[in-house]
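K.L.:
Sequence:
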Amino acid sequence: MRIRHFAYVSLMALALSSCNDALETAQVDLSKVKNKVEQPLPPHILTAMSAKGMDRNSPIMIRIFKEEGAMEIWKAKTDNRFDKIADYKICAWSGRLGPKVKTGDRQAPEGFYDLTRANLNPNSKYYLAINTGFPNRYDAANGRTGSDLMIHGACSSSGCYSMTDQQVLEIYAFARDAFKGGQATVQLQAFPFRMTAENMVKHRLDSNYDFWKMLKVGYDNFEVTKRPPEVNVCEKKYVFNQQVTDGGAFNAAGKCPAMSAPPALAAALASYGKTYDADYTKALSKYDGMAWYDPSEAERKAVVAKLRKGRELAFAPTGTSLEAGRMVKVAELEDLMAKRTAQGLAAKSAPGATPAAPAQPQAQPMAVAAATPAVVPVPTQNPLAFTAPEPQETAEAVAKKPFWKFWARN
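If you use mature numbering (1 follows the signal peptide of the UniProt record, and there is no 0), the sequence shown corresponds to residues -22 to -1, 1 to 388, in order.
For the record, the hints were derived by calculation from the structure and aren't laboratory data. Honestly, I wouldn't trust all of these hints.
[Claimed, not checked] Estimated spans, in silico, between C-beta atoms of each pair:
#1 Glu50 x Asn229: 29 to 37 angstroms
#2 Asp126 x Thr174: 27 to 35 angstroms
#3 Glu50 x Lys215: 24 to 32 angstroms
#4 Asp7 x Ser238: 53 to 61 angstroms
#5 Glu310 x Asn229: 40 to 48 angstroms
#6 Asn229 x Pro18: 40 to 48 angstroms
As the structure is a prediction and not an experimental result, all values here were calculated from the model. Just so you know, even glycine gets a beta-carbon here, dropped at the ideal spot from N, CA and C.
All chains should be modelled from the sequences, with the hints used to inform the complete structure.
P.N.:
The structure is reproduced here in structure tokens:
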């Protein structure tokens, strides 16, 4: 009996050791899929939807966290809030933490993107694909360039978020069903990491820190309301849940119009911010003199190199930054970054070298102004993009009801 028990445990451990952990074992046999574009979601997901009070065709939202290589699907419940219904381990993403800036930099996008039915690509050479919509209004206003950056299958990335074919089959089905239900746009939120106080402290010396603080405002709005924030751009910056009060309009590169905030949302965000500030101060003490070393793509690939054995050349999984990175002393981080810069310059000056896109700097000189607890800005209001009819209410009445009244009532 004991021998059989150990054998069972061993088999289970083997089954969970694939590129995408237990996710691979629960997915369909692609050779039996007759129509990948219309392949239904598996029964266990439909059962979970029912248990959470979700309609099969209710709206979804997609969240990505680069550092841990995670993709989440959130779906609207009957109370019009969103709950997580599925999560996946991203098989491959290229570059390092930080936004995409220019064509050829191999960076995967970070920010807030609107996906429409037109973003679905059923004929992708990477099984199935969903265009991320890069560049968006923010990217364009800031002169960022690039195109055809996808969520796709095949587990191979050059600026995309690449999944296994089995995973993208499900993700595509989630989006397809939501569009069939009438959702006009699916919000994609792509973050460098979960924007907790501890993670913000770990990355406080990164050159992208100010950009990430801006993304955090949208992150906080969702954490407080569990509804995708309305996203606009003005003065080349993201603004979240903002409503114009002077008859003006949002202009991505122009001056922001006068805006106001619903008191309930502002109060909730202020309370959330107080807790965050206290946690930030504790994390600063915990990581005094330390900062996070963000690994290169090559270092991430090295930790999962054994997974490529016996696979086709195109299969190129990347490990997570959490697996390949580490906390280091500030002086060590500065030395590592100096070496990285020197290696980049040497590569550019080598005979016959092809000019490459400049590497994104990852650490700033140590004038630790970031040691002051970051204040979470409190945004002002805006209607939510999706307002589904609720029981005993007409669609017309619901469409006129502002976002903050939906939120404050619950």
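K.L.:
Taking the CB of Glu50 and the CB of Asn229, does the distance hold inside 29 to 37 angstroms?
P.N.:
32 angstroms, holds
K.L.:
Using the C-beta atoms of Glu310 and Asn229, is the stated range 40 to 48 angstroms upheld?
P.N.:
44 angstroms, holds
K.L.:
For the range 27 to 35 angstroms, tell me whether the beta carbons of Asp126 and Thr174 fit it or not.
P.N.:
The hint (27 to 35 angstroms, Cβ to Cβ) holds, given that Asp126 and Thr174 are roughly 32 angstroms apart.
K.L.:
Could you check the hint for me, namely that Glu50 and Lys215 are 24 to 32 angstroms apart, CB to CB?
P.N.:
This hint holds: roughly 25 angstroms between Cβ atoms.
K.L.:
A range of 53 to 61 angstroms was offered for this pair. Does it hold for the Cβ distance of Asp7 and Ser238?
P.N.:
54 angstroms, holds
K.L.:
Asn229 and Pro18, beta-carbon distance inside 40 to 48 angstroms?
P.N.:
43 angstroms, holds
Going down the numbered hints, you'll see the structure goes against none, and every one checks out.
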